[in-house]
Amino acid sequence: MAYPTAALDVIGLWIGWVLMLMIYSYPLYKENPAFRTAEHMFIGVTLAITIITNFSNVMKMCVTPLMQGNILMIVPLVLGLMIFSMLIPEYQWVSRYPIGLLVGTAFGLGIRGTIKPNLQDAIIDTITAPTSGGAMAWLNFLYVAVGLICSIMYFMLTFEHKGMLKAPTRIGRLFIMVGLGAYFGNTVLFRFTMLTGRAQFFLQVLKLIPM
Amino acid sequence: MSQILRREAVYAFTGIITILMILEYFFWPTPQIWADTIRTWAIIVFNISLGLGAIRLLMQQSMNVQKRRENWQYSAMLLSLFVVMLLTGFAGYFATGLQTSNGIYDWLFINIYTPLGATLYPITGFYIFSAAYRAFRARNVDAALMLIAGCFVMLKNAPVGEAIWIGFATIGNWFQFTGQIPGMRTFSIVGAFGLMAYGFRALLGKERGFYAGGE
Amino acid sequence: MAIIVEGRVITFLWMIITFAVMYYYMAIKKDKDYMIRTLPALSAIPEAVGRAAEMGRPVFWSPGMSGPLNDSAQGPQVLASISILEYVTEECAKAGVEITAIMPLPDAIPLVEETMRTAYLNQGKPEAFNPDQIIFIAEQSPYLSGVLGYFQRAKPASNILVGGFYYEAVVIGEAGNAIGAMQIGGTNNTHQMPFMVATCDYVLLAEELFAAGAAISQDPDMLGSIKGEDMVKILLMAIIGLGFLLGAAGITVIADLLGV
Amino acid sequence: MSALSKLANVDSRVFYWILFIALMVPFLSPIGFPITIAENTRDLYEGITDDEVEEGDVWIMNFGYGVSAWPECHPSVTVCTKALFREGAKIIFMGPHYDVELTYNKIHDTVRDDFVDKVYGEDYVFLGYITGGESAIAQLASNIRSVYPVDHFGTPLDELSMMQGVNTHEDIAGVLSSDTGDYGVHFMTQWQAAYGSKLAEIGIAMNGSTDLPRWQAGNYFGLSIGSRGGAELEILIGELGEATTAMDSISVSHLLLIFAVILGNIGMVVQRRSS
Numbered sequence: 001m002a003y004p005t006a007a008l009d010v011i012g013l014w015i016g017w018v019l020m021l022m023i024y025s026y027p028l029y030k031e032n033p034a035f036r037t038a039e040h041m042f043i044g045v046t047l048a049i050t051i052i053t054n055f056s057n058v059m060k061m062c063v064t065p066l067m068q069g070n071i072l073m074i075v076p077l078v079l080g081l082m083i084f085s086m087l088i089p090e091y092q093w094v095s096r097y098p099i100g101l102l103v104g105t106a107f108g109l110g111i112r113g114t115i116k117p118n119l120q121d122a123i124i125d126t127i128t129a130p131t132s133g134g135a136m137a138w139l140n141f142l143y144v145a146v147g148l149i150c151s152i153m154y155f156m157l158t159f160e161h162k163g164m165l166k167a168p169t170r171i172g173r174l175f176i177m178v179g180l181g182a183y184f185g186n187t188v189l190f191r192f193t194m195l196t197g198r199a200q201f202f203l204q205v206l207k208l209i210p211m
Numbered sequence: 212m213s214q215i216l217r218r219e220a221v222y223a224f225t226g227i228i229t230i231l232m233i234l235e236y237f238f239w240p241t242p243q244i245w246a247d248t249i250r251t252w253a254i255i256v257f258n259i260s261l262g263l264g265a266i267r268l269l270m271q272q273s274m275n276v277q278k279r280r281e282n283w284q285y286s287a288m289l290l291s292l293f294v295v296m297l298l299t300g301f302a303g304y305f306a307t308g309l310q311t312s313n314g315i316y317d318w319l320f321i322n323i324y325t326p327l328g329a330t331l332y333p334i335t336g337f338y339i340f341s342a343a344y345r346a347f348r349a350r351n352v353d354a355a356l357m358l359i360a361g362c363f364v365m366l367k368n369a370p371v372g373e374a375i376w377i378g379f380a381t382i383g384n385w386f387q388f389t390g391q392i393p394g395m396r397t398f399s400i401v402g403a404f405g406l407m408a409y410g411f412r413a414l415l416g417k418e419r420g421f422y423a424g425g426e
Numbered sequence: 427m428a429i430i431v432e433g434r435v436i437t438f439l440w441m442i443i444t445f446a447v448m449y450y451y452m453a454i455k456k457d458k459d460y461m462i463r464t465l466p467a468l469s470a471i472p473e474a475v476g477r478a479a480e481m482g483r484p485v486f487w488s489p490g491m492s493g494p495l496n497d498s499a500q501g502p503q504v505l506a507s508i509s510i511l512e513y514v515t516e517e518c519a520k521a522g523v524e525i526t527a528i529m530p531l532p533d534a535i536p537l538v539e540e541t542m543r544t545a546y547l548n549q550g551k552p553e554a555f556n557p558d559q560i561i562f563i564a565e566q567s568p569y570l571s572g573v574l575g576y577f578q579r580a581k582p583a584s585n586i587l588v589g590g591f592y593y594e595a596v597v598i599g600e601a602g603n604a605i606g607a608m609q610i611g612g613t614n615n616t617h618q619m620p621f622m623v624a625t626c627d628y629v630l631l632a633e634e635l636f637a638a639g640a641a642i643s644q645d646p647d648m649l650g651s652i653k654g655e656d657m658v659k660i661l662l663m664a665i666i667g668l669g670f671l672l673g674a675a676g677i678t679v680i681a682d683l684l685g686v
Numbered sequence: 687m688s689a690l691s692k693l694a695n696v697d698s699r700v701f702y703w704i705l706f707i708a709l710m711v712p713f714l715s716p717i718g719f720p721i722t723i724a725e726n727t728r729d730l731y732e733g734i735t736d737d738e739v740e741e742g743d744v745w746i747m748n749f750g751y752g753v754s755a756w757p758e759c760h761p762s763v764t765v766c767t768k769a770l771f772r773e774g775a776k777i778i779f780m781g782p783h784y785d786v787e788l789t790y791n792k793i794h795d796t797v798r799d800d801f802v803d804k805v806y807g808e809d810y811v812f813l814g815y816i817t818g819g820e821s822a823i824a825q826l827a828s829n830i831r832s833v834y835p836v837d838h839f840g841t842p843l844d845e846l847s848m849m850q851g852v853n854t855h856e857d858i859a860g861v862l863s864s865d866t867g868d869y870g871v872h873f874m875t876q877w878q879a880a881y882g883s884k885l886a887e888i889g890i891a892m893n894g895s896t897d898l899p900r901w902q903a904g905n906y907f908g909l910s911i912g913s914r915g916g917a918e919l920e921i922l923i924g925e926l927g928e929a930t931t932a933m934d935s936i937s938v939s940h941l942l943l944i945f946a947v948i949l950g951n952i953g954m955v956v957q958r959r960s961s
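Protein chains in written order, with the working numbering: chain V, 1 to 211; chain W, 212 to 426; chain D, 427 to 686; chain Y, 687 to 961.
Keep in mind that the hints were calculated from the coordinates and are not lab data. From a predicted model like this one, the values you see are computed outputs, not experimental measurements. Don't be surprised by glycine CBs; every beta carbon is placed ideally from N, CA and C. Check before you lean on any hint, since a few could be wrong.
[Said to hold, decoys possible] Counterexamples of contact, computed for chain W against chain Y with all Cβ distances above 10 Å:
| hint | residue |
| --- | --- |
| 1 | ILE215 |
| 2 | ILE230 |
| 3 | ARG280 |
| 4 | LEU292 |
| 5 | GLY303 |
[Claimed, not checked] Cβ pair distances, simulated, as ranges:
| hint | chain 1 | residue 1 | chain 2 | residue 2 | range |
| --- | --- | --- | --- | --- | --- |
| 6 | Y | LEU714 | W | GLN277 | 46 to 52 Å |
| 7 | D | ILE561 | W | SER213 | 31 to 37 Å |
| 8 | Y | GLY742 | D | GLY676 | 38 to 44 Å |
| 9 | D | LEU672 | W | ARG218 | 45 to 51 Å |
| 10 | Y | ASN829 | V | SER132 | 42 to 48 Å |
| 11 | V | LYS207 | D | ILE561 | 43 to 49 Å |
| 12 | V | LEU72 | W | THR307 | 24 to 30 Å |
| 13 | V | GLU31 | Y | ILE723 | 40 to 46 Å |
| 14 | W | ASN282 | Y | PRO842 | 43 to 49 Å |
| 15 | V | ASN32 | Y | GLU732 | 49 to 55 Å |
| 16 | V | LEU139 | Y | VAL955 | 29 to 35 Å |
| 17 | Y | GLU725 | D | GLY676 | 21 to 27 Å |
| 18 | W | GLN284 | Y | PRO842 | 43 to 49 Å |
| 19 | W | SER213 | D | LEU672 | 57 to 63 Å |
Just chain V, same shape as in the assembly (with noise of 0.2 Å):
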C-alpha cells in the first residue's frame, strides 16, 4: 500500500496515528481524558454500523423476500421484534420465544456437532499407533493416551480426589497445566503481533518506514 497522496486520506492517516497514541496514553501512561475520548468515539461509531450493518442484513434475508412474496418470511420478522419485549418488565415473557428458537437451534446444531470432531475423532487419534517415528513416537503416544485419562478424571465431578482417585488426579492436573501453558505461549504470540503491527503502523506514518 502506498503512501497517500489526497490531502482528505492524509488527514485521515495522522487521525488515526493521533487516536492510537491517544488510545495507548492508558497503558503508557494512565487512564486518561485522551484515552477515555478516543474510547467513546469507538463505541459510537462502531454502534452506528452495528445498526446499520445488521440492519441491511435483515433487509436482504427478510424484508426484500418478504415483499417479494414469501409470505412466511413475516413470521422472523415478527419473532425477532418481539425480544425486544426485554425493556417492558411486564411483557419480559414475550421475549421467551425468541430466545427459545434460538437456544433451540444453538442446541440441536451444537449436540449433533460436537460428537464426532470432539468425541469420536480425538479418540480415533489417541489410540491409533504410531506408522513410523521410532521409539519418541511410541513415547508420545504413551504419554498423550496417559495424560488423557488422567486429564479427564480430574473432570470427573462427583468424586473425591481421594484414596485410588489421589494421585491419576493429581497427574491430570498437571496434564492441564503443561496444555495450559502452552496456551499461554501461544496467546504471546498473538498479543504481541497485533501490538507489532501498530509499532509499525507507528513508523510508517512517520515515513521512517515504508507504508
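Starting from the structure of chain V, add chains W, D and Y where the hints point.
Chains W, D and Y alone, transformed into the frame defined by chain V:
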C-alpha cells in the same frame, strides 16, 4: 392459560426445536426444508436481537447526558458521532444499497473506526507482558510446569529461539505437538459433555436460566 | 441401523447413551442426593469474605464480558456465576461485608438483582441490600476502565472473577494482584484459563464452574446430569484405555468402530 | 527491600515503554533470523496447490477476523488466496465481522497482481457480512442462497456466473477459515464433521493450542498458526511479506518477555528468602 404460555409452552417450544435439529441430522442424509426454515428464521431473529444491545447502550448513554452524570460529556460526544455515522450510513444505504457509498460514512469508517479497532484490542499485548512478568511465577509445581511449557513454546514460536539453540525449537515443538495435547483435548471432550448436558436439560425443559429474569 | 444416516451411527449411539445415563441419574435415581467433590475455589469463599471483614474492605464480583444469557456457550457460565454470587452475597451479608458487582451484561441485571436481594433476605437483612451495589457498564473497554477505577478507589480485599471472561481476565486479574487482593477465578473459556491460573489464588477450570454452580444451587437436575456425565466419562476412559492397549498391539477394532 | 527483590515489583509501565520501543527497532534495522516450516503449515500449503486443486474448483475463504487481527491473519490469507488463484480456483469471500468489507479491500491490495486477470462474478465473489453463529454456518451448507440471497453489492447470486449451480456444501471444493472467534469451529462441526468437507484453519496463535489436536485428528487438512504460520507460508510460496517482516519484532519481544519472567521469578525467590 397465561402461565402455561409464559413457561411450559416456551420450554416445549425450545425442546421441540432442539429435537428437530437432532432428528434431521441422524435420520436424513441431506438437509430438510423444514429444518432450513427453522435455521433461516433463527439467523434473522439473531440479527434483529443484536439491536437489543445497541438500544440498551443508547439508553444508558442518553441517561448519562440527561442526568449530567459524571463524564457525561463523553457520552454526548459518543451520541453525536453515532448520529452522524448512522444518518450518513443510512443515506448511503438507501441511495445505493451500500452504506459505504456515502463519502462521510466511508471516511469515518476508514479513518476513525479502523485505527481505533486496530488499536484497542492489541492493548492486551501490554497487559499480557505485565501479567507474564507479575503472575508467571513458579510458586508451586503447577505454576512451574505452566511456566516451563509456556517459555519453551514462546522460544519455539520466535525465530530467535532456534537461532540461539536448536534445543529450544526441539523441546518447544515437543510441547506444541505432544505436551499440550492431553490437556487441550480434555477441554474439547469435557466441553462436548458440558454442551450435551446443558442441551439435554434444555430439551427436557429443565434449563430455564436462558430466559429473561430466569424463573 | 439402516435408518440412521451412514457415518453417523456411532455419533447417534454416543448421544443416546449419554442422554440415557443422564436421564437415569436426573429422573430415576432422584432420591439419592449427589454431592459435588470438594472444589478448593468454592471452599475458599468463606476465607475470602473473612479476609474482607478483617481488612474492613469490600468484596468484588464480576462475570466478565461473557455474552447474552441465550448464548449456548457463554449463557451457562453467567448462570453458574450468578449461583456463586448468591453464595458470596449470603456470606457477605452474614459477615456485614460490603459486596460490589460490576457487570457489562444488560439482560442478566434483573437476575443479579433478584439473586442479591434474595441472599440478603435469607440472612434476615433485606434492608442491607442497595441496588446501587450493582454497576452496569456496557462494552469491554469502558467496563475495564470502570473495574480498574473501582480497584483504585475501593481496593477490594477479595475478587470473585467467575464467568465467560475474555481478555479482560488478564487486565483485571493483574490489577487485582497489584492491589494485593485474594482472587478466586473461574471460566469455561479455554483461552482465558492460563491467565486465571496465573493471576488467581484459586481457579474453577472448565466444568468445575458449572459444578460449583450446581453445588450451591443444589438443583437436582443439574446434579443428576453432572453425575450422569461422570459415568459416561468412566466409559470414555475405559474405551481410551482399551483402545490404546489394542492399538499398541496393532488391533484397530475400536478405532474402526468409532469411525462408523 | 534489597535491589534484587525490587525486581519482583517493577512498575508495569516501565515494561510497556520498553516493549513498544523494542517492537519498532527491528523495523528500522531488520535482523532476519531463519524460519523452519512446521508440518501443519506445509500440510496447509500442499493441500491448496498442485493436484489438490483443480481448475474451476470453488473454494470459500472466510475472513473470520477484524481489522485488529490483520497483522496476525492477513499475511497467511494473502498467501493462500494467491495459491488458490494460481491453481485456477474460484473463491467466495465472506466474513462475520462488521468490517469485513475493509478486509476484502485489503486482500485486493495485498494480492493485487493476481487479481489483475481475475473477473468479479467469474473468478471470485464477495458475499459480505454473515452473522448467526452455528445456525448460519449450518444453513450455508444446506442452502447458500437462503443466507445470502444477494452478494455484498446487492447482485442476486443467480446473476453471477461462477455461482451457477453452486448452492450447497457439495458444490464447494474446500473451505479456508481464518478466525479470531468460533466460525472455524462451526465449519468443523457443521461441514467437516457432518459432510466430510475439506477444511483448513488459518488461525490466530492463541487458538493454535486447541486447533493442533484437531489437525492431528484429521478435522483440518492443514493449519497455519498465527503470524509465524504466515511467515512460513510466505517462504513456501517464495514471496516474503508482512509476516516475515514482523518476525524480528516477535523475536525481540519474546526474548524481552522471557527476560522479564526470569526477573520476576528471581525477585520472588529473593523476597521469599529474605522474608
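Closest CB of chain Y to the CB of ILE230 (chain W) still more than 10 Å away: Non-interface label on ILE230 (chain W) holds, nearest chain Y Cβ at 16 Å vs cutoff 10 Å.
29 to 35 Å as the expected CB spacing between VAL955 (chain Y) and LEU139 (chain V), which holds or is violated: holds (33 Å)
Checking a non-interface call: every C-beta of chain Y should be farther than 10 Å from the C-beta of ARG280 (chain W). Is that right? Its Cβ never comes within 10 Å of chain Y, the nearest being 28 Å, so this holds.
Holds or violated: 43 to 49 Å for the Cβ distance of GLN284 (chain W) and PRO842 (chain Y)? Given a distance of about 47 Å, which is inside 43 to 49 Å, the answer is holds.
Looking only at beta-carbon atoms, does the pair ASN32 (chain V), GLU732 (chain Y) fall within the given range of 49 to 55 Å? holds (51 Å)
How does the Cβ-Cβ distance of SER213 (chain W) and LEU672 (chain D) compare with 57 to 63 Å: does it lie in that range? holds (59 Å)
Looking only at beta-carbon atoms, does the pair ILE561 (chain D), SER213 (chain W) fall within the given range of 31 to 37 Å? Holds - the Cβ-Cβ distance for ILE561 (chain D) and SER213 (chain W), about 34 Å, lies within 31 to 37 Å.
21 to 27 Å was suggested as the range; check whether the CB atoms of GLU725 (chain Y) and GLY676 (chain D) agree with it. At roughly 25 Å between Cβ atoms, GLY676 (chain D) and GLU725 (chain Y) fall inside 21 to 27 Å, so the hint holds.
Starting from the range 38 to 44 Å, see whether the pair GLY742 (chain Y) and GLY676 (chain D) falls in it by beta-carbon distance. holds (43 Å)
Can we confirm that no CB of chain Y comes within 10 Å of the CB of GLY303 (chain W)? holds (12 Å)
Cβ distance range 43 to 49 Å for ASN282 (chain W) and PRO842 (chain Y), holds or violated: holds (48 Å)
Supplied distance hint 24 to 30 Å, evaluated on CB atoms of LEU72 (chain V) and THR307 (chain W): Hint holds: Cβ distance 29 Å, inside 24 to 30 Å.
The structure meets every hint from the earlier list without exception.
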